[in-house]
Amino acid sequence: MQTIGAGVKFPEGPVWCDDGSVLVVEMFGERITRIMPDGSTSVVANVPGGPNGLAECDDGSLLVCNNGGSFTMVDLGGLILPGPFDPDRYTGGRIERVDPKTGAITRLYDSCDGHQLRGPNDLVLDGKGGFYFTDHGIRHDRSGDRTSIYYAKLDGSHINEVVFPVEAANGIGLSPDGTKLYYAETHAARVWVRDIVEPGIVAPVTPFDTHHLLWASPKLVYLDSLAVDGDGNVCVATIAPVGGITVLSPSGEVVRFVESGDVMTTNICFGGPGLRTAYITRSGLGDVAVVPWASAGLALHR
Numbered sequence: 201m202q203t204i205g206a207g208v209k210f211p212e213g214p215v216w217c218d219d220g221s222v223l224v225v226e227m228f229g230e231r232i233t234r235i236m237p238d239g240s241t242s243v244v245a246n247v248p249g250g251p252n253g254l255a256e257c258d259d260g261s262l263l264v265c266n267n268g269g270s271f272t273m274v275d276l277g278g279l280i281l282p283g284p285f286d287p288d289r290y291t292g293g294r295i296e297r298v299d300p301k302t303g304a305i306t307r308l309y310d311s312c313d314g315h316q317l318r319g320p321n322d323l324v325l326d327g328k329g330g331f332y333f334t335d336h337g338i339r340h341d342r343s344g345d346r347t348s349i350y351y352a353k354l355d356g357s358h359i360n361e362v363v364f365p366v367e368a369a370n371g372i373g374l375s376p377d378g379t380k381l382y383y384a385e386t387h388a389a390r391v392w393v394r395d396i397v398e399p400g401i402v403a404p405v406t407p408f409d410t411h412h413l414l415w416a417s418p419k420l421v422y423l424d425s426l427a428v429d430g431d432g433n434v435c436v437a438t439i440a441p442v443g444g445i446t447v448l449s450p451s452g453e454v455v456r457f458v459e460s461g462d463v464m465t466t467n468i469c470f471g472g473p474g475l476r477t478a479y480i481t482r483s484g485l486g487d488v489a490v491v492p493w494a495s496a497g498l499a500l501h502r
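Heads up: the sequence shown runs through residues 201 to 502, numbered per my numbering.
In short, the hints are calculated from the structure, not lab data.
No experiment lies behind these values; they were computed from the predicted model shown.
We put the beta carbon where it would ideally sit given N, CA and C, even for glycine.
Be a bit skeptical, because a hint or two may be false.
As the list claims (entries may be wrong) - No more than 25 Å apart at the CA atoms, straight line, and that leaves these computed lysine to any residue pairs for SDA-like:
(1) 380 to 403
(2) 301 to 204
(3) 209 to 491
(4) 301 to 219
(5) 353 to 307
(6) 353 to 398
(7) 380 to 326
(8) 328 to 307
(9) 328 to 217
(10) 353 to 297
(11) 301 to 216
Claimed, not checked - Derived DEER-like restraints, expressed as beta-carbon distance ranges:
(12) 405 to 430: 24 to 30 Å
(13) 456 to 248: 36 to 42 Å
(14) 410 to 327: 27 to 33 Å
Input sequences plus hints: build the corresponding full structure.
This is how it looks when you write it as structure tokens:
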């Protein structure tokens, strides 16, 4: 397995660029980093706090889910893991826009309807002037936040809550036709699907309506970020003794599991010719795996 970018500090939010490079956020490096095909790295912008998710807009600016430093770094013999919440380093959850040319950061959102964002985690643009994002929240020793899925406008003019409650919301994505919203819950190891009525609005469900539960892992694993491929399969990063990517069909069947070689496998994006290469963030080991993929990826909105 080819890997690139060795030494990045907990890479997340991979974004493939047309020049063949991959952008990642370094959650514990507090920056956005560009990784070239030869593995060399350069800093695009310093992003204080806890940059956790990343997306590229059509004007070249970068959207960042910043958890505000809601995790501390734990080093287990070279394996990097997210550790307990430290209130002294936490600066508040927020959505930021970064100018990659100047490094300038603009805060777009840090609250919704009077509720503070706690730990924004991952995001996906919808091609209609907005984006969906997850709030993972903060977990304490004996309690944890009940969090939400949000929708917001790229220009900073509007934000609304889409789904509440969610248990440690993480990965998020859209179906190829843009009519379905997928999201993962980390600790419950579940992937949900909701029908989109209009941008920022999903169809209501009843408490015992199970058709919107796409998949629940029968094993003790954690789920992280996800991407949808061109066939509509949901490819979700799976944190487990054997970490990797669980590929789910649109009907919720496990199509395959692709091992990554890292317990702390956190995210995936597609790139390369025909979008047939997967770039998988191996956050525990601090690099990105480059893996030929069976299906073409889905071109993301910008």
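Here is what the structure says about each hint:
{"no.": "1", "hint": "380 to 403", "result": "holds, 10 Å"}
{"no.": "2", "hint": "301 to 204", "result": "holds, 23 Å"}
{"no.": "3", "hint": "209 to 491", "result": "holds, 21 Å"}
{"no.": "4", "hint": "301 to 219", "result": "holds, 16 Å"}
{"no.": "5", "hint": "353 to 307", "result": "holds, 13 Å"}
{"no.": "6", "hint": "353 to 398", "result": "holds, 13 Å"}
{"no.": "7", "hint": "380 to 326", "result": "holds, 11 Å"}
{"no.": "8", "hint": "328 to 307", "result": "holds, 21 Å"}
{"no.": "9", "hint": "328 to 217", "result": "holds, 21 Å"}
{"no.": "10", "hint": "353 to 297", "result": "holds, 12 Å"}
{"no.": "11", "hint": "301 to 216", "result": "holds, 17 Å"}
{"no.": "12", "hint": "405 to 430: 24 to 30 Å", "result": "holds, 28 Å"}
{"no.": "13", "hint": "456 to 248: 36 to 42 Å", "result": "holds, 39 Å"}
{"no.": "14", "hint": "410 to 327: 27 to 33 Å", "result": "holds, 30 Å"}
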